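2 protein chains.
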Amino acid sequence: MSLIIIGSVAFDAIETPFGKTDKIVGGAATYASLAASYLNKSTKIVAVVGDDFPQSDIETFTKHGIDTEGLQIKEGEKSFFWSGKYRNDMNSRDTLVTELNVLENFDPIIPESYQDCEYLLLGNLTPQVQQTVIKRLKKRPKLIVMDTMNFWMDIMMDDLLETIKMVDVLTINDEEARQLSGEYSLVKAAKKILAMGPKYLIIKKGEHGALLFSGDEVFSAPALPLAEVFDPTGAGDTFAGGFIGYMAKVETIDFTSMKNAIIYGSALASFCVEKFGAERLINLTDEEISGRIAQFVRLSAFDIAL
Amino acid sequence: MSLIIIGSVAFDAIETPFGKTDKIVGGAATYASLAASYLNKSTKIVAVVGDDFPQSDIETFTKHGIDTEGLQIKEGEKSFFWSGKYRNDMNSRDTLVTELNVLENFDPIIPESYQDCEYLLLGNLTPQVQQTVIKRLKKRPKLIVMDTMNFWMDIMMDDLLETIKMVDVLTINDEEARQLSGEYSLVKAAKKILAMGPKYLIIKKGEHGALLFSGDEVFSAPALPLAEVFDPTGAGDTFAGGFIGYMAKVETIDFTSMKNAIIYGSALASFCVEKFGAERLINLTDEEISGRIAQFVRLSAFDIAL
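Those sequence lines, one after another, are chains A and B.
Counting in my numbering, the first sequence runs from 23 upward without gaps.
Counting in my numbering, the second sequence runs from 23 upward without gaps.
It should be emphasised that the hints constitute simulated quantities derived from the structure, not laboratory data.
Since the structure is predicted, the reported quantities are computational estimates derived from the model, not experimental observations.
Keep in mind that the hints are not guaranteed to be accurate.
What the hints assert, rightly or not - Restraint ranges, calculated between C-beta atoms of paired labels, are given here:
id, chain 1, residue 1, chain 2, residue 2, range
1, B, E301, A, Y206, 21 to 27 Å
2, B, F40, A, K221, 30 to 36 Å
3, B, F40, A, D176, 28 to 34 Å
4, A, A217, B, E81, 36 to 42 Å
5, A, I304, B, E250, 42 to 48 Å
6, B, T84, A, R115, 53 to 59 Å
What the hints assert, rightly or not - Computed list of chain A residues with no C-beta within reach of chain B, every gap over 10 Å:
id, residue
7, E81
8, K107
9, N110
10, I131
11, D138
12, T148
13, V151
14, K161
15, M175
16, K210
17, V240
18, E250
19, T278
20, S312
21, F324
22, D325
From the three backbone atoms N, C-alpha and C, an ideal C-beta is built for every residue, glycine too.
With the hints as constraints, model all of the structure from the sequences given.
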């Protein structure tokens, strides 16, 4: 089913304890759309780059069946650039450089051919831009998933709350859930956040998995214990892309489907961190993905007769 | 099946953001034996108290069918006393008072009637005392589970390693697994620790659940998301007691049984934190326990056709 993913398409330069990269392609929409492309065959991106963005990287999208009609190329401008360095525990990182460039005045254009979309992922961007996309769709999608981060909570909480009110699913990490709700307990945090509008809340806990809350229901998804996390960049975006890619594929919007969608998102994210940037997401096979899903099944299955 | 639990039986004075207690009964063997008593009908403790320990609290054990023949009462001496204060996040605590008292020269006595025991839990104590108990059993139990803590890693690592070598299952938390192995990745940590002797390793992650490692197998157990943790004291001991109580009940020592045992341990620990000290463990009903187990099943079940 037709899926739109909005987010950054950008350059990253990453340093981890394992090495460092020059400018490589990154950005929330890049990770999310590549992840979704393995599950859903009609994935379209809305994003903006400068004229420094290589044609070969745009071809990477089209090779994955990703529609790039909504990818604006701004002549004479430069793509968004982020550079960061991970600390030894790989759980914290320092931003070295942020150059907004084309993102500074990003005005998302929704091509007419995108207007029939039924699934929408609002990748991490300013809440205003996320909201603009919803408003520019003539028909509200059946499912709107929103990813965001603490940065927007720090500087534009009102806009953020207004956008959160318009979506069905919010995905944030545990610290962000605490910041957004003012509650330390994730159960209490979830209750408050669900009262802000979304019917579903996903709290990402990195190496500890993820929690899905809706009404009185809760699901705890495991994370695959990994011997090595090579580069965590993009794992959250990959998770979100895998999640909505699965939802768009199965076309059933309920708690049961979302549990599976979280497992798919987690599985794709577990590939993402194995190499620098989005490298590992470019040549995955169906066998690799189903093998990884089987690992998640084995990891969390137990059998107690009630 | 006959189960011996060794550990402290003591007084605690606890302060949390929710309130504070006077001296109440605590100690690893208290929490673990109460938890085990709901699953296994032949549970025996080895511990030591002073003559300040109330008869009514000993009767609490016997009411739960716990054999106290191995509980030494030292005339003219005082019971072990610990006092601590939890910080607002409930994940860290400051020790205010530690009075070793009778624990200082604890020489564990194994009554003759305990000698047929097939399951042994070495609750958190000095590694030498834990080792002495193993040596004083004429026949090695079928399953020896050892709980320990960072304190012994700091001050007597050699003794600890010698004891770890003698056991089948080691239960520690994530920070302790990192300290013991020198590895940040829990997968790498588990590999190193399993090479130290135990066939099974359980890494407790508090609100993030627990991991079970053995050979190349791994199981991720969820923790029940709780709106309120009233008092975390004894949760790890309760977990260990529930774990071995289940193992002694089912009498099958394999990875599959241990997965279920972890769920039972987690379920009992989730009760423990609802009230101060061991209060919540004293009057549990079978219905409450099976209801909680059902919550764990719902919490982590998903169904992906492979």
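Right, here's what the structure says about each hint:
no., hint, in the structure
1, B:E301 to A:Y206: 21 to 27 Å, "holds, 23 Å"
2, B:F40 to A:K221: 30 to 36 Å, "holds, 32 Å"
3, B:F40 to A:D176: 28 to 34 Å, "holds, 30 Å"
4, A:A217 to B:E81: 36 to 42 Å, "violated, 48 Å"
5, A:I304 to B:E250: 42 to 48 Å, "holds, 46 Å"
6, B:T84 to A:R115: 53 to 59 Å, "holds, 56 Å"
7, E81, "holds, 32 Å"
8, K107, "holds, 17 Å"
9, N110, "violated, 7 Å"
10, I131, "holds, 37 Å"
11, D138, "holds, 29 Å"
12, T148, "holds, 31 Å"
13, V151, "holds, 32 Å"
14, K161, "holds, 31 Å"
15, M175, "holds, 19 Å"
16, K210, "violated, 6 Å"
17, V240, "violated, 6 Å"
18, E250, "violated, 6 Å"
19, T278, "violated, 7 Å"
20, S312, "violated, 7 Å"
21, F324, "violated, 4 Å"
22, D325, "violated, 7 Å"
Hints 4, 9, 16, 17, 18, 19, 20, 21, 22, counting from the list given before, are not met by this structure.
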